[in-house]
Amino acid sequence: LEQLRDELYPEWKTPTKAVSIYASGSKKAEMLMLPMLTCFRRIGQAQLLRRMIRFELGRCSRIDAKTLLQSVSTLNASILSSENPFEESPPELKKFCDMSLAVGLGDPLQTVFMATDPLEGLPVLLLLCVIAYVPKLSYNAMFGSLSKNKSGYPIDGWPLIAGISTLLKQFHPSYSKSFLAYIGQFVRVSVAACFERKQVRKDVASQLTEDLRSMLVLVNQFCDISSIPKSALHEHIPQYLMEMCSDL
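Per the numbering used here, the very first residue in the sequence shown carries number 1; after that it's consecutive.
If you are wondering where the hints come from, they were derived from the structure by calculation, not from laboratory data.
For glycine and all other residues, C-beta sits at the position ideal for the given N, C-alpha and C.
Treat the hints with care, as some may be off.
Label pairs and their computed distance ranges (CB to CB) [as the list claims (entries may be wrong)]:
no.	residue 1	residue 2	range
1	Y9	A232	16 to 22 Å
2	S71	G121	44 to 50 Å
3	T16	C60	23 to 29 Å
Based on the provided sequences and hints, a complete structural model is requested.
This is the structure we're talking about:
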């Protein structure tokens with residue numbers, strides 16, 4: 001991973017022989033891809049279920065417990081605006097957290113579950129995982145998300161994205177920025193390869209553009225679910241490039 005990071009550095013620049021670099025890195029990390037997919041799929045499904053339950057609790061509390069919801073929301077705002085939000089005793093804070101969960105406050109996808117040690121190669125490894133599984137996904141307009149190309153694939157778009165987002169939430173925000181930078185670099189390399197291969201067969205070109213669309217959908221939905229502003233994404237993938245890829 002360290003060698004791959006050095007070859008792709010800096011992220012804003014298109015590396016020489018980029019296609020062979022990605023192919024070599026994917027081959028070396030091939031044994032890790034299926035366990036990572038299983039992990040992301042399980043975490044993502046659990047997080048999406050938690051989000052749906054939280055949404056239902058919030059909807060019910062707005063209808064049946066307006067006073068309680070407003071009281072908990074006001075108390076939450078006052079605690080967060082105080083100079084020392086942790087001055088309350090642990091039992092009282094736990095009781096307040098339970099009440100917040102009961103009325104559906106908060107977003108499970110923004111939860112930090114544990115303190116983590118630095119893993120410098122994580123964004124590169126996530127990039128290889130995305131590169132490996134994006135060709136197995138395509139955009140489904142009916143669901144507004146990525147779905148598997150074949151029924152036998154054990155993969156779906158939103159659980160994968162939610163799992164990656166949850167993992168990156170456990171680390172410093174710079175990890176998410178680095179992940180976006182690597183995705184942007186890969187998109188730019190793919191676009192350059194698409195226009196350089198003028199003699200490429202039509203079916204190969206069609207598959208390449210389909211993978212680009214899937215990658216752009218994935219990174220857009222990742223930003224949405226991670227509450228990352230689109231301006232941060234456009235630092236690595238210019239908006240005109242995204243529009244051009246969507247029209248390919």
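Hints, verified against the model:
1. The supplied range of 16 to 22 Å is met by Y9 and A232, whose beta-carbon atoms lie about 20 Å from each other.
2. For the pair S71 and G121, the supplied restraint of 44 to 50 Å holds, since their beta-carbon distance comes to about 46 Å.
3. Distance hint check for T16 and C60: the Cβ-Cβ separation is about 57 Å, which falls outside the suggested range of 23 to 29 Å.
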